[in-house]
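Each chain, written out:
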Amino acid sequence: MLRQIEGSRAVAETVALCRPEVVSAYPISPQTHIVEAVGELVKSGRLSPCEFINVESEFAAMSVAIGASAAGARAYTATASQGLLFMMEAVYNAGGLGLPIVMTLANRAIGAPINIWNDHSDAMSARDAGWVQLFAETNQEAADLHVQAFLLAEELSLPVMVCMDGFILTHAVERVDLAEQDDVDRFLPPYEPRQVLDPDDPMSIGAMVGPDAFEEVRYLAHARHLQALERIPEIATDFASAFGRTSGGLLHTYRTDDADTVVVALGSVLGTIKDLVDVMRDEGTRIGVLGITSFRPFPAAAVRSALEGAARVVVVEKAFSVGFGGVLSTDIAMAVTGLALAVHTVVAGLGGRPVTGAALRPVLIAAAEGNAEGLTFLELDRGIVDRELARMAEHRHSGPTAENVLRDLGTATVQGV
Amino acid sequence: MRTDEVHQETMAGRAHLVTAGESAPVRSTFEVRIHGRGGQGVVTAAELLSVAAFNEGRWAQAFPSFGSERTGAPVVAFCRISEREIRTHEPVLAPDALIIQDATLIHQVDLFSGVTADTYILLNTAGSFDDLGLGEFVAGFRHDHLLTVPATELAMRHIGRPVPNAVLLGGFAGMTGVVSEESVVAAIRQRFAGPLAEGNVAAAREAFRYVTDEEKELERAAPD
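Protein chains in written order, with my numbering: chain A, 1 to 417; chain B, 418 to 641.
Treat the hints with care, since some could be wrong.
Unchecked claim - Residues from chain B that face chain A, not an exhaustive set, calculated with beta carbons under 10 Å:
#1 GLU464
#2 SER467
#3 VAL468
#4 ASN472
#5 PHE483
#6 GLY484
#7 ALA543
#8 GLU623
#9 ARG626
#10 TYR627
What the hints contain is simulated information worked out from the structure, not anything from laboratory work.
Glycine residues also receive a C-beta, built at the ideal position from the N, C-alpha and C atoms.
Okay, chain A solo, but in the shape it has when bound:
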């Protein structure tokens, strides 16, 4: 059913259609609207049977999800940013135990400095936790990915994180075709756990594993991720035939045929990039777009074949590894090893700075002409940076960087200066 609906609400409605039996919730912006709306659906009886548990922290949210999943329940939660960090020990446990929890991550920056806006730092911090990480480009895809996520998670006994841009998608009211209950029921069979805690048939989950078998158990998690690489595109194909629209899969290409330059990105920024690529195509630039949907497992072979004909790749990333550079870029570079292809990183959109077509355009034009740098920070205010660097060189007691920068900017929010 077509609805004009907030992204968070669309996700909540879709999650409810997937009939989770336990939802543990702790609010943190920008995911709060999702768990609030799921809570309303439980309270109104539209989502039943389901136990909605208000917990005292994100650590508890994931711990409850682990317990519920191990007891054989379909379990769901959502978080963002510092909330993900606070639950991180349990996040790794869910991954290592292979419990098919589905979690929405409403992507947001991580402090310090304190920041409540969107970027992908939170998702990147959980990259190696053993979870499948799927990135939604649109609210339609965010909703649809949840249906696919439960199926994938439960088939392979792996937790799945559906990443959607906080605020940009979660708070956008847009057209979304919400699935029908019958269709979801046909697509997503009841959860049949591979491992379950049953008082009538006692066993333990979570054994201590020493050096004699740790590598093997970890490899088996990797093996399930390799299986996910096979299943993700199949599930997307099945989804398309069941629901009549394309969502999910390992990656999406856009106008990459004959492209010399391919722009790679995750999430909603792909929309802006596609609009810009249309303009540049009209101007005669052979440029295309590669959107990565499955970040973990990383579809190296599919990426390689999508980029084979290109001369260069520009990876636009809403996160970076301090002290090095791009995170996704590193994976892309590994995937194209041996191809004569330059990989450029553009770090953009940190802490909610809008990534505009106007700002990206000169960077992509320079790249298409073969003049891109290895690592660029989009719209970096070099003057501000240099002032602080000079201050630090001049005075030992130069003070806190964030406050200094805000003072230079004339932002009135700095206290006590």
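On the provided structure of chain A, position chain B as indicated by the hints.
This is chain B only, laid out in the frame that chain A set:
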């Protein structure tokens, strides 16, 4: 300008939405920016406008600028309306229309960032652009695109609360023709119920009439 020419002007608002064929993927979109204060329903206004466009079978996107949500603090929300899927999610930097819910923001925030002489500007005031000291600023603008409506007064009269957001959407429909009065009314009724819905509907309808009357006045006053 005569009435039929005004009609053509409002239709030009619609023509702006027409997109080119498959070979040249021009993605023409009508972009609206709404300024107000926390508590005035700025975000709801953008959402209602998107629902009005959705009700007409169009693609629409509404979203707030993200920040602290304090009562009285300046708030901005955006709405895009298109005949095709809207892919970008960047903020509206060059609006086709500006709705200003609170005229006291004029000296506080950069309301007019990215506007051109063709931008529609709908101002919530019982006065005029001149009264607010904007006469010089808008001197070169299209006068038939500069309209005012006393939305707070209308809200007080019909709803009993100074909430001008849905009222201004009636004015927006009258000013631009981008969405119809009936689509705005339907969107209000989808969002609100009972006396609140009907009060907003009555106020929005009056704002629609007020703005269209104002347009006629401007035609009469305009030099040939």
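Just to be careful: measuring from the Cβ of VAL468 of chain B to every Cβ in chain A, is the smallest value less than 10 Å?
Holds, because the Cβ-Cβ distance from VAL468 of chain B to chain A comes to roughly 5 Å (cut-off 10 Å).
Is the shortest C-beta separation between SER467 of chain B and chain A less than 10 Å?
Since the shortest Cβ distance to chain A is 5 Å, the answer is holds.
Given GLU623 of chain B was flagged as interface, is its beta-carbon under 10 Å from a beta-carbon of chain A?
violated, 25 Å
Just to be careful: measuring from the Cβ of TYR627 of chain B to every Cβ in chain A, is the smallest value less than 10 Å?
violated, 27 Å
Closer than 10 Å between Cβ atoms is the bar; does ASN472 of chain B clear it against chain A? Give me holds or violated.
holds, 8 Å
Answer holds if the nearest beta-carbon of chain A is closer than 10 Å to that of GLU464 of chain B; otherwise answer violated.
Check passed: Cβ of GLU464 of chain B comes within 5 Å of chain A, closer than 10 Å.
Hint status (Cβ of ARG626 of chain B to nearest Cβ of chain A, threshold 10 Å):
Nearest chain A Cβ about 26 Å off; hint violated.
Agreement of hint PHE483 of chain B with chain A interface, Cβ distance less than 10 Å:
holds, 4 Å
Identify whether the interface hint at ALA543 of chain B stands, where standing means a beta carbon of chain A within less than 10 Å of its own.
violated, 31 Å
Would the hint on GLY484 of chain B stand, with a C-beta cut-off of 10 Å toward chain A?
holds, 8 Å
Hints 7, 8, 9, 10, counting from the list given before, are not met by this structure.
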